[in-house]
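> On the provided structure of chain A, position chains B and C as indicated by the hints.
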Amino acid sequence: MNARRLLAHPSLTIGIAASLLLALLGLISLVWTPYPIEQVQIARRFADPGLAHWLGTDHLGRDMLSLIMSGTLTSFTVALLAVLIGIGIGVPMGLAAAAWGGAVEWLVLRISDLTFAFPAVIVAILVTTLIGPGEANAVLAIGIFNIPVFARVARGGALSIATQDYVAAARLAGLGNAAIAWRHLLPNIMSLIIVQGTIQLSLGILAEAGLSYIGLGTQPPATSLGLMLRDAQSLFLIHPWLSIAPGVTIVLIVIALNIAGDGLRDALDPRLRRQELGHAAG
Amino acid sequence: MIGFALRRLVGFAATLLVAAAVIFLLLDLLPGDPARFVLGINASEASVAALRAQMGLDAPAPERFIRWVIGMAQGDFGLSSTQKVPVAGLIAERMSVTFPLSMLAMVLSVVVGLPIGLLAARRRGKAVDTALMALAQTGIAIPNFWFGMLLTLVFAVGLRWLPPGGFTPWGENPGAALRALILPGLALALPQASILARVMRTALVDVAEQDFIRTARAKGMTRDEALWRHGVRNALLPVLTILGLQFAYLIAGTIIVENVFYLPGLGRLIFTAISERDLVLVRGATIVLVVVVTATMLLVDLTYALVDPRLRREAP
Amino acid sequence: MPLVEVENLRIDFGGPPAVDGVSLRLEQGERFGIIGESGSGKSLTALAITGLLPEAATASGTIRFAGNPLPTEEKTLARLRGRHIGMVFQEPMTALNPLMTIGAQIGEAITLVGRDAVPTAMPALLAEVGLEPDHARRYPHQLSGGQRQRAMIAMALAGQPELMIADEPTSALDVITQRMVLDLIAEVCRRRGMTLLFISHDIKAVAVLCQRIGVMRQGRLIEVGDTATLLAAPQQAYTERLLAASRMAPPAAAPRRLGETLLRVEGVSKNYGQGGVWPWKRPVLQAVDGARFEIASGECVALVGPSGCGKTTLARLIVGLDKASAGSFVLGATRYRGSDLPKGLRADLSLVFQDPFGSFDPRRTIAQSVAEPLQLVNTLSASEQQNRVAEAVMAVGLEPGMLARYPHEFSGGQRQRLAIARALVTRPRLVVLDEPVSALDVSVRGEVLALLARLRAEHGLTYLIISHDLDMVGAMADRVLVMERGRIVEEGRPAELFARPRHRLTKALMAARLPALG
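Residue numbers (the numbering used here), protein chains in the order written: chain A, 1 to 282; chain B, 1 to 316; chain C, 1 to 518.
Chain A on its own, in the form it takes in the complex (with noise of 0.2 angstroms):
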């Protein structure tokens, strides 16, 4: 990827930017916010936004910039464990039902036909029960929903390329099925894994958003967009603002990160948007 086809497509460079930034600001709470998140100054609480407070604070007088960072961090990191989850489980599952066939392939399909079943938020409700709630809660649920998602986009990108004369050429040329997997389907469906990984990102926020808002994700004193929002719940009608700041806040992450997924499927594949309606948005 150099830097002239970067700039053929503006909107892979504007998400990729813009998802970049909304990252960085996670990342930089690690090391400093503005207020320390725990700061409970109930005198100050509700305050509008203005220069003490950027964003103003919130019914507990913590202020709302910090935790907004914070946040962002938290939602980050639980959706890119959880994509990392689908990933590394469900990638192999796809590539080796599509190398294998047969029985692997019978089983890979009943395995993703079980976790279709199962969407996150049951997920989580069961792991709750047994756990506990918290981010692991999280991270678990969404990232079991990821495997079979990867599981279908690398066997369907596999299959597809499976019947190509090359791969016979591999077989001819002594190549086990593994060897086949690992130096020839892998690497040609590297792209689409790459594109459907942004989207089940950005779907990974919106879950974790979910989760804690209901009370199954993210426990205080941790904070997270979703927890931020489950506060603002019975406050909203008098002090809208609380709801409105995380709320923005996702909405930007997740447009910023659809779009670079956009952006890359054109930049990396034109052909992959036939590919997209086999498994768009999970």
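Among these hints, one or two may not hold up.
Calculated cross-link-like contacts (lysine to any residue; reagent style SDA-like; alpha-carbon spacing at most 20 angstroms) [what the hints assert, rightly or not]:
hint	chain 1	residue 1	chain 2	residue 2
1	C	K75	C	M93
2	C	K323	A	G101
3	C	K323	A	G176
4	C	K204	C	G259
5	B	K126	A	P10
6	C	K323	A	P10
7	B	K126	A	A103
8	C	K75	B	R123
9	C	K343	A	G176
10	C	K323	A	D165
11	C	K75	B	R223
12	B	K126	C	T58
13	B	K126	C	A57
14	C	K323	A	A103
15	C	K343	A	G102
16	C	K323	A	L175
17	C	K323	A	W100
18	C	K75	B	D224
19	C	K343	A	A179
Because the hints were derived from the structure by calculation, they are not lab data.
Since the model is a prediction, treat every value here as computed from it, not as a measurement.
Frame of chain A, contents of chains B and C only:
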């Protein structure tokens, strides 16, 4: 076609069975004695033991599993540990809110999303297309529950057209019940409609490049006519697939959105059950959700085969 | 008044013109053919006449139909197309809507013209193209390639058009079906007195059907003339090259010295179970049925037959990509059934694929791809491997310096040469070639075939060629095997077989052959 349907049904039943086993196993792992939970901390050992025997808790796990499954097949989902009433009844009561809400959201998203996608595809590359897709892009990014909050602010608090929350049972006042579902339905429908619009557009744009569209034009149709008469039907295939997948998300979303509007649906039932450790209720509600999701996918698969003759494999 | 007049047509996609300054005239009732290779712009010219150019194309120049310029308003143009011009395209599978029955699609064509003129009734239309009324209720995937093309022709005729444009209508079909479709088009044009614009890269087909021929090259119409005159005395060097490439001369009659039997095929069968509900009631597809023959070392044997006859399946079994259900092969002294071919022997067998565009991994350099089969010969050091690769590439007439490039940087002909290089790198004894030149442009085919002949002589290779192209087979093979539905039905030397076919299928194949160019 029959063969195809039969195979799918068998797969459906198998998936459900395995899912039920997974749920059962997971919840079985929990420490704690349900019988003691029911009777209270101070109950005597004897009465706890008696209740255990009565509840069949001493039997080995496979036996309990089978009894549970058979019970469900007969409509018996057990008794709620906390509320001491049949779980089936509780769930049915709550489903009367959750199910219509999901359906309403589904219908709204299709009715709004598909025409927008069609319009954008017809005017591909023009300002209308860019504007609509930008709108869709935003719509996907908005968390449905947050949108619900915003809708409440505008329509319930600001304009006072609709209630901000709560629900009157269907039996009492169907009109009010429906009005209570409008805002949550809209909140759920927004991201779904946006996704459908995008998928519809992409599908149509792809179909427009297919050879049979050129054939249709060669026969004497204009571009629009060819797209409408040949393109839409073919484009609906991938849209159908997405619809099925999205339903799982819709159900999840419904549970969450109920929270915003204080609707007495399945979601709030489950969350209360979790916090009160009412395992029987959690188990029953979870399996119901799984059944609904899986059944929808089955329906989509069958509809797909109905629409696409290539899948039916009949002898010519 | 000519039916179609094209003056100075120029089409471009924002860059260099794809069609440049093309002018031609079609008189009523005339049959005009355009020959050219891929990229010559012949299809675009046809699309321009009907107003079906892709959106990205800009066209300039004038096109007149029946004296009037083509309408610019879309609906009028569309209706004119439907009523006066019938088009038949190349790929009948993708040109038909998979979700509608044939009858519905043909019916649509009839209804579209119903308002302005008296349409042909459906049963008459079906009968005219040789389809049964029952076929109307079927979907495209339930019909054969030939039947689909007949349906396309029916759709084109629905409005009683004056002009028929056929753009490569037979390229995707096998020999017998090709002939059938060509005959049908000729018959239909004659009976209805239609003007025909026939576009193809197959010169023999054009020569049979058309009275006048135009030759297009890289967007320009370089020569136009009567068929007889053009074939006898072409004015342009390019035309002459094309004609020469189509006239494939049989080899010198001197018999080659053959060695002992290299490969024996002993009663090989292969069947596939097709999806049904119950595993024991599944209908079985017999792809190969008791095939039995021998190939001697140094021989060139060709396997011909209609599509679906099992020749490709058999080839895949021989090289070890699949396993026979019954019977076995004997290579030298080793018996095997297909994929159980021992690794040590795999180096002795190679396969050259049909499609040069799919046979190389787009993400790997040519060097890596050509070297891949050397896995089978693990006695070579790294530098020895490099030498082998360079040697193979030079043997096919290319430079070793090109090895670091990627597949998309080469032309189709070059890629096929590289595929041959890859097949030779393990120094095999038997090379199986699956339609080695069918996917290549006509002018390039001759070179590749000459290369194959030379390599065979130089290295003492044995070839098994799978093909449907009888002319190529006649020029290359020592012996021909004819296959039908999995069985070998006839065998013999090409000259013998072509002159005196015995089996029904062979006779049909010979009858379907287009006459040689004068």
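> Against this structure, judge whether each hint is valid.
So, going through the hints one by one against the coordinates:
1. C:K75 / C:M93: This hinted pair is violated, its Cα atoms lying about 27 angstroms apart.
2. C:K323 / A:G101: This hinted pair holds, its Cα atoms lying about 16 angstroms apart.
3. C:K323 / A:G176: holds (16 angstroms)
4. C:K204 / C:G259: violated (37 angstroms)
5. B:K126 / A:P10: holds (18 angstroms)
6. C:K323 / A:P10: Between K323 of chain C and P10 of chain A the Cα gap is close to 51 angstroms, so the pair fails against 20 angstroms, i.e. violated.
7. B:K126 / A:A103: violated (49 angstroms)
8. C:K75 / B:R123: Between K75 of chain C and R123 of chain B the Cα gap is close to 17 angstroms, so the pair holds against 20 angstroms.
9. C:K343 / A:G176: holds (11 angstroms)
10. C:K323 / A:D165: holds (18 angstroms)
11. C:K75 / B:R223: holds (9 angstroms)
12. B:K126 / C:T58: With a Cα-Cα distance of about 18 angstroms, the restraint between K126 of chain B and T58 of chain C holds, given a limit of 20 angstroms.
13. B:K126 / C:A57: With a Cα-Cα distance of about 18 angstroms, the restraint between K126 of chain B and A57 of chain C holds, given a limit of 20 angstroms.
14. C:K323 / A:A103: Within the cut-off at roughly 18 angstroms; holds.
15. C:K343 / A:G102: This hinted pair is violated, its Cα atoms lying about 23 angstroms apart.
16. C:K323 / A:L175: holds (17 angstroms)
17. C:K323 / A:W100: holds (16 angstroms)
18. C:K75 / B:D224: Within the cut-off at roughly 10 angstroms; holds.
19. C:K343 / A:A179: holds (15 angstroms)
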